[in-house]
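Please arrange chain B on chain A, whose structure you already have, making use of the hints.
There are 2 protein chains.
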Amino acid sequence: MDIVQQLKKIDLFHGVSSEKLQILAAQAIYKKYPAQEMVIGETDPIKAFYVVLTGRMKLYKSSPEGKEQTIQLLEPGDPFGLCTAFATDAFPASAMTIEESSVVLIPGALMETVAMQEPKLLLNIIQILSRRLKDSMALIESLALKEIPGRLASFLLHSLAQTKENPEQLELAITQRELAKILGSTPEALSRALRKLADDGILQTSGRTIRILNRRALDDLAEGT
Amino acid sequence: MDIVQQLKKIDLFHGVSSEKLQILAAQAIYKKYPAQEMVIGETDPIKAFYVVLTGRMKLYKSSPEGKEQTIQLLEPGDPFGLCTAFATDAFPASAMTIEESSVVLIPGALMETVAMQEPKLLLNIIQILSRRLKDSMALIESLALKEIPGRLASFLLHSLAQTKENPEQLELAITQRELAKILGSTPEALSRALRKLADDGILQTSGRTIRILNRRALDDLAEGT
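Those sequence lines, one after another, are chains A and B. In terms of our numbering, the first sequence opens at residue 3 and continues consecutively. In terms of our numbering, the second sequence opens at residue 3 and continues consecutively.
Just so you know, these hints were derived from the structure itself, not from any lab. Computed from a predicted model, the values in this text were never measured in an experiment.
Reference excerpt, derived from the structure (chain B facing chain A, CB under 7 angstroms, subset only):
id, residue
1, K69
2, Q71
3, M118
4, R134
5, M139
6, L141
Think about it this way: if two alpha-carbon atoms lie no more than 27 angstroms apart in a straight line, the pair counts; the simulated DSSO-like pairs of lysine-lysine are:
id, chain 1, residue 1, chain 2, residue 2
7, B, K10, A, K122
8, A, K136, B, K33
9, A, K198, B, K69
10, A, K136, B, K122
11, A, K63, B, K136
12, B, K136, A, K49
13, A, K22, B, K122
14, A, K69, B, K136
15, B, K69, A, K136
16, A, K122, B, K22
17, A, K122, B, K49
18, A, K34, A, K10
19, B, K122, B, K11
Glycine included, C-beta positions come from ideal geometry on N, C-alpha and C.
Chain A with its partners taken away, still in its complex shape (with noise of 0.2 angstroms):
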């Protein structure tokens, strides 16, 4: 496995030198998970950036009672770690995987060392930091200022937008139960909210694939009008 080629197959790698890519990956740390592995507990002290090479994983939070509200989703080529890797801070939430996974981990003083002198890195970064901070409002808005269906509504444009191939179905990558803990719901109430659409000929299920059939009405719904 040549790892600079998989290395340069990353966004946050885009642009960047072999000859930079080759220092990050002389360092790199390859490691792999078994599925519901907690990778990084919240607060743990790391100072590393980290990409999803292959899997999923998600970053989220959770309570005392053992709730939990997942923040983002990790797919191939995401990385995380990265908000706590030029810092000193700890970790700002934790990260599990969802199935088996396998990411790289760059040392944080490396990264920050060779990015000072690849001004497109640092750019990189600040792009896929910058989608994050905009995910992260779009959740705020869900949480505080939707109901259960909204967000749901929001989610599956969200998704639809991302999907390169058909824009009128998708197919969840998650289960119900990962879906509710993204929309701060539980399975029961995401259940009744599917029903409900799919009652009112918004779209049509079957096991995880979703079809869109009345897109206008799915938009309405997001928009909470």
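Quick look at chain B alone, frame taken from chain A:
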């Protein structure tokens, strides 16, 4: 007024050379707004960096029924629009003044050109975006996993951590009505929570002054334990 001296005092420009600040200052635009004025509407296409110079502002999301959720309070020195200035996206929230405020506005294209020659400026942006992302995660946690008293306790602890003088007392810079919009609460529920914390001997309020009487109990409440 020496504009470069003024920019130097802003965290965003910390460590940036006077020569580069001169270039930014030459194209900077100053604007003043009265209290309660919308500065940027959600989805407005902006391509500029804003920094608050005086006053107090907020970033917020609102629902079609007029319910509001504050995402971020902005004070002198705080930038906003960071996550859109290097992108072509629309602004992800609305920005409004709470008090009469003044801002400086630097064109995004100029900022990007200067920043690519001054990695320190890119690093400053990464640090500010990282802090914002962590604040957003804390707000998500509050909204999804905490009741109003727990959210209030978290807010007070966060504010105390930023107070340099007296770690047992703080002056609310905003009205209880504005605070309710940060906590995802109503003024009535916030008022009840404040009364409960006073009854439990955790704090004492007098106008906008809040004195913490039992820090341990406040920590426990914020943690949900």
